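Participant: Below are the chains, spelled out letter by letter.
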Amino acid sequence: MTKRLSKADRSRPTRWVGRLLTLGPGGLYLTLFLAVPLAVIVTYSFMRRGTFGGVVYQPTLENYRRAVDPLFLRILWDSVRIGGLTTLLALLIGYPAAFAITKLPTRWRLPALVAIVLPFWSNFLIRTYAWIVLLNREGILSKALRAVGLTDEPVGFLYNRGSVVVGLLYAYLPLMILPLYAALDRIDPALDEASADLGAKPWRTFIRVTVPLSLPGMTAGSIFVFVPSIGNFVVPELLGGGQAVMVGNLIRDQFLRARDWPFGAVLSLSIVGLMMILLVVQAVQLKRTRAHA
Amino acid sequence: MPRFRRWLVFPLLGVYGFLYVPIVILAVLSFNESGLPTAWTGFSTKWYGALFSNDLILRGARTTLVVALGATVLATIIGTLLALGLERYSRSVLFDAFAIAPAVVPDIVLAIGLLAFYTMIQFTLGTVSVLFAHVTFNIAFVTAVVRTRLHNFDQQLEEASLDLGATELRTFFRVTLPLIAPGILAAALLSFTLSVDEFVIAFFTRGAGVETLPTVIYSMVRFGITPEINALAVVLLGLSFTVVVVSQRLIGLRRVVDNA
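Protein chains in written order, with this note's numbering: chain H, 1 to 293; chain P, 1 to 260.
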C-alpha cells in the first residue's frame with residue numbers, strides 16, 4: 001500500500017528523470033549484451049557458413065534441415081535421456097532429503113539447507129575433477145574394492161554414461177533440493193493433521209496430500225537440473241571420455257573446432273527450445289495448482 | 001510441530017555424504033606427499049608451494065581477479081540502479097523478466113551469443129570481453145538481491161524524508177542507500193564469487209592466449225590427475241566459504257540459500 005502511495009506522490013518530471021537514471025543503464029546494457037547477442041544467434045541460424053569459418057549473409061534453411069538429420073537427432077535424444085536420468089535421480093534422492101529437512105527442528109533447518117548449498121559454491125570444474133580422482137582406474141574406489149578383496153585388478157568407473165550422470169547429479173543436486181524444500185515448507189501442517197484426523201495413514205497422506213502439493217517444486221527443480229545438464233559439455237568430456245557426446249559438446253565443437261557457426265546456432269536454439277517447452281509446462285501447472293487452491 | 005521421523009535421517013545423511021565425501025577426499029589428498037590418490041606417503045604442504053609457484057595458475061588468477069573485480073563494480077552499480085528502478089518506477093512484468101533473463105538463459109547459449117556478437121562488431125577478444133560478458137549475468141543476480149532488500153525495508157522512512165522537505169536525490173543518499181547498503185555489499189560478494197568460478201562464458205569469450213583461472217583448471221584437469229589442483233581446490237573452497245560466511249553476516253543465512 002505504502003509503495004503505491006509513494007509512487008503517486010512523486011512529481012512527474014522527477015519520476016521521468018528517476019526512471020531514466022535507474023532503468024536506463026541496465027536496460028541499455030542488457031539490450032547490448034543479452035538481447036542483441038541472442039538476436040545474432042537467431043540470425044546466424046538462417047545464414048550460410050563461410051568457407052573459412054565465419055558467416056555469409058545468405059538466408060537459408062539448410063542449417064535447420066541438417067539439425068533434423070538422424071545423426072544429430074540421436075545425439076539430442078541421448079542428451080535428453082542422460083539429462084532426464086540425471087533429473088529423475090536428483091528427484092528420487094532430493095525429495096526424501098528435502099522432506100527430511102522440513103521435518104527437522106526449526107533451528108536446524110536453515111543450517112541443514114546451507115550445508116546442501118555450500119559445495120555448490122566451490123568451483124564446478126574442481127568438483128568434477130574430484131570424481132576423476134574417485135572413479136579412475138587408479139582411483140580411490142578401485143583401490144578400496146581391491147582392499148576389501150572384491151576384485152584383484154584395477155577397475156575403472158569412468159568414461160561411460162553412468163559416470164556422466166553421476167557427475168551431472170553431483171553438479172546440480174542442490175538445484176533440485178532447494179525448490180523442493182521451498183514447496184514442501186509452504187504446505188500447511190493443518191492439512192496433514194486434517195488428513196490424519198479423517199483416518200488416512202501417514203503414507204496415504206504423503207501420497208494424496210504432500211506429493212501433489214509439492215508438484216510445483218518438483219517441476220521447478222527438474223527444470224533447474226535438466227536444462228543445464230543437457231547444455232553441459234565439461235562433464236561429458238571429463239567424465240565421459242569420448243563415450244557420451246551431448247548437445248553441449250556439439251555446440252562447443254561447431255563454434256571452436258569445426259567453425260560452423262550457423263549450425264552451432266541452430267543447435268543452441270534447440271536447447272532454448274527445450275527450455276521454453278518446459279517453462280510453458282511449468283506455467284500451465286502453476287495455473288492449475290492456483291485454480292485448485 | 002511434527003515429530004521428526006527417525007528413518008528420515010538416512011536419506012539426508014546419504015545426500016550429505018554424496019556432496020561432501022569427494023570434496024573432503026580432495027582436501028586430504030592436497031596434503032599427501034606423493035600427490036597420488038592411491039598411496040599416502042606422508043603429510044606435506046609441498047603442493048601448496050607448487051601451486052603458488054605455478055606461473056600458469058598465477059597468471060590465470062591475476063586475469064580472473066581483474067575480470068571479477070571489474071565485473072563486480074560495474075554489475076553492482078548497474079544492478080543496484082536497475083533494482084531501484086524496478087521497485088520504484090516500473091510495474092512492467094516484461095522488464096522484470098528481462099532483468100532476470102541473464103540468469104535463466106543457459107550459459108552456453110549466452111556464451112556463443114556473446115562470441116558471435118563480439119566477432120560481428122570486431123571487438124577484440126581478451127580480458128575486457130570476458131569482463132563485459134560477466135557483467136551481463138552478474139547484473140541479474142545483483143538486481144535480485146538488492147530488490148529483496150529494497151522490498152523489505154519500511155518505505156515510510158523514505159516518505160518521511162520526502163515529507164520533511166528532502167529532495168529525492170538527498171533522500172536516496174541519506175535514507176535509501178544506507179538502508180540497502182548491506183544488500184548491495186552482499187550482492188557484490190555474490191557477483192565476485194560467481195565471476196571467479198565462471199567457466200563456460202569465459203572459455204568462449206576470452207580469445208586466444210588469454211586464460212582465466214577456471215580455463216587454466218580446465219586445461220589442467222583434461223590431462224588427468226594434477227596434484228596442484230587438490231591444493232587449489234582447498235584454497236578456492238576456503239575463499240568461497242569465507243564469502244558465504246561474510247554474506248551470511250550481512251544479510252542472513254536465508255538469502256545465501258535463496259541466491260545460490
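To be clear, the hints were calculated from the coordinates, so they are not data collected in a lab. Check each hint, because a few of them may be wrong.
Which bits of chain H does chain P cover? Going by a derived footprint, with three or more residues having C-beta under 8 Å, they are [stated by the list, open to error]:
#, region
1, 14-23
2, 59-65
3, 74-87
Partial chain P-side listing against chain H, Cβ under 7 Å, derived [claimed, not checked]:
#, residue
4, P22
5, V24
6, P102
7, I112
8, V235
9, G238
All values reported here derive from a predicted model rather than from experimental measurement. Ideal placement from N, C-alpha and C gives every residue a C-beta, glycine not left out.
Participant: Hint by hint, note whether the structure agrees.
Facilitator: Here is how each hint holds up against the structure:
1. 14-23: This one holds; 7 residues, not fewer than the three required, reach chain P with a Cβ under 8 Å.
2. 59-65: This one is violated; 0 residues, fewer than the three required, reach chain P with a Cβ under 8 Å.
3. 74-87: With 0 residues close enough to chain P, the hint is violated.
4. P22: holds (4 Å)
5. V24: violated (9 Å)
6. P102: Holds. Min distance 6 Å.
7. I112: holds (5 Å)
8. V235: violated (10 Å)
9. G238: At about 10 Å, which exceeds the 7 Å cut-off, the nearest Cβ of chain H leaves the hint on G238 of chain P violated.
The structure fails to meet hints 2, 3, 5, 8, 9 from the earlier list, while all remaining hints are met.
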